[in-house]
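Student: Sequences are here, hints too, so could you generate the full structure?
Which chain is which? The protein sequence lines are E, L, C and Z, in order. Per numbering that gives the first Met the number 0, residue 0 is the first one in the first sequence, and the count goes up by one each step. Per numbering that gives the first Met the number 0, residue 0 is the first one in the second sequence, and the count goes up by one each step. Per numbering that gives the first Met the number 0, residue 0 is the first one in the third sequence, and the count goes up by one each step. Per numbering that gives the first Met the number 0, residue 0 is the first one in the fourth sequence, and the count goes up by one each step.
Hints were generated in silico from the structure; no laboratory data involved. Because the structure is a prediction, the values reported are computed rather than measured. Cβ coordinates follow ideal geometry from the N, Cα and C atoms, glycine included. Since no wrong hints were added, every one of them can be taken at face value.
Per label pair, the in silico range of CB-to-CB distance:
(1) Z:54 x L:251: 20 to 30 Å
(2) L:19 x C:194: 27 to 37 Å
(3) Z:67 x E:195: 36 to 46 Å
(4) C:194 x E:23: 46 to 56 Å
(5) E:309 x L:251: 25 to 35 Å
(6) Z:270 x C:48: 52 to 62 Å
(7) E:195 x L:255: 22 to 32 Å
(8) C:37 x L:129: 35 to 45 Å
(9) E:129 x Z:48: 53 to 63 Å
There are 4 protein chains.
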Amino acid sequence: MAGQQFLDALDQHPFFDVIALGASARSAGKTYREAITQSSGQVAWYVDASRALDRYGDMPVVDAAQLKLDGLDIIFSAVETDAARALEASYATRVPVVSTASAYRYDSDVPILIPAVNGDHSDLVKAQEKRGWRGFVVPIPNCTTTGLAIALAPLHRVFGVERAIVTSLQAVSGAGRSSGVIGLDVVDNVIPYIPGEEEKVARETCKLLGQLANDTIEPADLVVSATCTRVAVLDGHTESVNVALRTPATVEEVVDAMQAFGKDINPGTHPSAPADWLRVLDDPFRPQPRVDRDADGGMATTVGRIRLDPAMGPNGIRFVLVSHNTKMGAAKGAILVAEDLKTRGLLA
Amino acid sequence: MAGQQFLDALDQHPFFDVIALGASARSAGKTYREAITQSSGQVAWYVDASRALDRYGDMPVVDAAQLKLDGLDIIFSAVETDAARALEASYATRVPVVSTASAYRYDSDVPILIPAVNGDHSDLVKAQEKRGWRGFVVPIPNCTTTGLAIALAPLHRVFGVERAIVTSLQAVSGAGRSSGVIGLDVVDNVIPYIPGEEEKVARETCKLLGQLANDTIEPADLVVSATCTRVAVLDGHTESVNVALRTPATVEEVVDAMQAFGKDINPGTHPSAPADWLRVLDDPFRPQPRVDRDADGGMATTVGRIRLDPAMGPNGIRFVLVSHNTKMGAAKGAILVAEDLKTRGLLA
Amino acid sequence: MAGQQFLDALDQHPFFDVIALGASARSAGKTYREAITQSSGQVAWYVDASRALDRYGDMPVVDAAQLKLDGLDIIFSAVETDAARALEASYATRVPVVSTASAYRYDSDVPILIPAVNGDHSDLVKAQEKRGWRGFVVPIPNCTTTGLAIALAPLHRVFGVERAIVTSLQAVSGAGRSSGVIGLDVVDNVIPYIPGEEEKVARETCKLLGQLANDTIEPADLVVSATCTRVAVLDGHTESVNVALRTPATVEEVVDAMQAFGKDINPGTHPSAPADWLRVLDDPFRPQPRVDRDADGGMATTVGRIRLDPAMGPNGIRFVLVSHNTKMGAAKGAILVAEDLKTRGLLA
Amino acid sequence: MAGQQFLDALDQHPFFDVIALGASARSAGKTYREAITQSSGQVAWYVDASRALDRYGDMPVVDAAQLKLDGLDIIFSAVETDAARALEASYATRVPVVSTASAYRYDSDVPILIPAVNGDHSDLVKAQEKRGWRGFVVPIPNCTTTGLAIALAPLHRVFGVERAIVTSLQAVSGAGRSSGVIGLDVVDNVIPYIPGEEEKVARETCKLLGQLANDTIEPADLVVSATCTRVAVLDGHTESVNVALRTPATVEEVVDAMQAFGKDINPGTHPSAPADWLRVLDDPFRPQPRVDRDADGGMATTVGRIRLDPAMGPNGIRFVLVSHNTKMGAAKGAILVAEDLKTRGLLA
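Tutor: Below, the structure is given as structure tokens:
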């Protein structure tokens, strides 16, 4: 699915052209359309619009392990984590890689990037030269981290964040087609656990909000605790967030900080960037995943229900956010990172 | 619906017989079956089993405002809050009332009761004699409070609870048939707000965990903050709970405290009581509302995912619970209160 | 909801400007935004885009029964059927009315219109002059009839249709907000009955496919039997259709007839018309309501799974269709009718 | 899942004891509980009650291909169709096999059995001696065939059935855990195709309603056409059925025929049999899968909305049925067949 979302997002992109498609050896030699056609005859194309399928359907698919790197300026990688470590390393010897996989996220010379949050961390890619690479690997965060880090970033800059608690209500699309059992399980149900997710959210949020110094990132001094659940929503993660700030803030000040956030990374400079990184709504019944997930092409994070939170201490606040897990939290988010790398002169 | 659940729970009850049914003036003079038959011909009976409908379907319905109080030992009230204040007062002049409505919950001479949590608060009903009543009113808590208070009660007794944060993922049945719009809204969606709910949870939890003294209840010195959401679940509220204890506790100690809770209020003494007030599960994928809501006839609260929570401070813990909102959280919970009042000699 | 869909569809319409908004007396005197704001503070705007709300939110709402008819070229009516009979008659004394209500659908001097199916029936509106009206009333069909009539029209023209059986799997949005109970009922469920729907489908399909002669419409000599069910889909009715044709047809001939249908009513002449009235898909897993409902702005009917049907006799065929019940089947369908009336010179 | 349902249904069965559990070679040597524990630690037990898991969890699992046949009186097989052909043959050399797989359903010497429909077909198992088998294989039908065949059987006996058209709205549990993608696809959606299902329904219904003669089954002279769809229901297939009878019947006569059906196969003789094979309901809003699937332990077929159907011809009738696909349509249905074989003296 992530591959399809990349194609959908790239087919009319002003910076990037798709010139090669890699997949497992099993698909090599087929056209893209053949590769996604099931034995039942169903063409497993899950993106709403078929424009990208029409454009790339006849393109040949090559074995990802045999991908010719000549002429590639960037590689977008959406492989499973297990395969990502070796595959992305082989690519990075010569070509920059932006990845949705978690394989390299926690390496000390690898930044996890969201341009408006920590675009300056991209300098760290130069440290990867020590691996003998001419390219580099930049992962985007876990899709649940993404919305949280974007919402916390302005709070951390303006007021300091001391502690954050999040309960996520995650969409099934985040589970991937390969663990489709989730779909069946969430009808009339909630699954209160997503293996590995909570640790990722805690660790990645601190790294994203941290400081780059001496070729490494000092994580933010911030305690994050996450409880990640799966609900019967197709797309769009909802997160209920409770925060202890380091300095006092009124609701209005929180709103102002959020609304001012990210204005320099916008569609004028970055084609995939949202006009508003943080849309703040007054209506207490918002944000809702079905209603808000597609705001700004699925790239905005929508925040509502901002209130003080006495249970988080004297500087406590709480809010609810919705972030599109398969757009900002996946392929389009990775493309936005690539746009930022290009803007910074880090791509050829 | 609450009325139907009362009938379903009472039709084979060892203590109570149903001898009169009250409803709005519009239904008066009809049989019960006629009263719940819609203009389309649909018999709006929503309980799975039809046994109670078979038994009470031909019973006449009287205008609740004209209900004859002679011969009644107890009245179960499930009216809308607006109507409850006057109606329950008129009943309480002569008969004890156990109510699912919130009208009286916050009055100083009124206890909110969950037998295993604060059965001793029932003594407060005697203070209602000052109103000139021979009966009294005892409300049960809001259905979201119920599971939370039961889970916090043993922690508060053993370790003390300083602060609690809850994000609820509530079932649509809690919204009642009258605001059925919720059903439509929650398909592929989450509604992040339930008007009035969060304040009720905060206030009622403190009152339930408080101390009875001098004909009033001193609320527990505890800060509760709730974010209440609605999800596409039919029955069973899921709650993600973060707690700051006053004294340190290991996960094992928390489990032990929970498992030991409520053993003296059991099916042997109270026919509607669960064998286990708190079922604690190891499986990290539990509790799930569809799987766990019906445990012990919908009267058990199921807890899982008990972990330490550094973001709540040095004594922080967190867990997830599931509680059946229309059983323990509604009619059957009210009947259990009545059973406890009878055991204490407070019913005629 | 229908009113909102009209506003959404009209706010950038090349032919029509909204100059007055009517509603119940209860809303009169409020702005449109105020009128749809609930006591909880929620602005009950259910259309995805808020553009129309931004444009019309401050427009005053008048009592529909007191609507000033001066200067109105057309009135779109989306009132409940009970109110429609009197209200639409009072409008039609002076102004043409296009209505989503069923009040006038079965009157002998009233056509039910779908432009590509029976646009020539619009001449019948002249017969309404005998009622002493200077305007007229034209209803659109029931939303379940719409897709069926569009799919059957080319078959009836080319091969003749003798009998048709349909089982509908209808979306909850068709149930309207006022009967929101449906939403709750369809989670993990199917409701096998929609009061009045099956008779409407049978009767309206015959009238739509009939012949106009002598100021009345002779219904098509066609037996239709419908079984209408409600499923957990937000928008888009799915219909499984079995047809006995009067003359033999291969699957290819059926496809050809469908694909050739309606080409003269297209976006070039009618801004709301679909480019393809009938999209025919090969993929056996299509049409699907979530995937296909929005084709051509929700105005196309998507057909798939066309097969012979021996159980319908020697000329039997069967197929599945998806039609958007709140777009082609409601407000946008009514606007398309108005566009056609204008093209035919029947509007001032 | 089917294996789990067998264990759940067998653990307190009066006739059968579970003495061996076979599975793939991958699970051999593990306990049953270990075999169903996922790498994440989740115990993949999907049956509501855990009683059978408690009882059989510690039982060793053997390689199904190495299963020792000594001492086995019957084998219940729920393997995938591809594996079933060889595996069931190897079992049948010595032991009777009742199977949920389709591998043998269409062989001329193999009956497909539903006791009340065609229990007399079980004599055909003797013809399998010609294969050199001392045991035999008896499959149950596809879960969608089951409800249809039960509803048609009394109509066929009393009035004759000439043609039948069915549109099924099938639950996701029928898709099995292995094709879990369905769960994700059916949220806010309908999938209008289930590969292979429609052919099975047509062919199996005719075989079930056929006549045994000369060691083979002459299929009923009946044309069946099925359109099989998948909807967001967890359990319970809903089927909209249109029938052309050979002789006239009133609705009352159809009801009478259905209600009289199957009375000789009842819980008194067959522990798993329903008291009512066909429950006929008057309420037009029934049957509903969530409400009716569990009737008689999931073994009853519930029918409603019986009406004449002019579009099926002069003797047309139509109705809606609900049948539990994973109870009567799977493990419990297979056990009921075994009970019937035992009653007939066909088991050792």
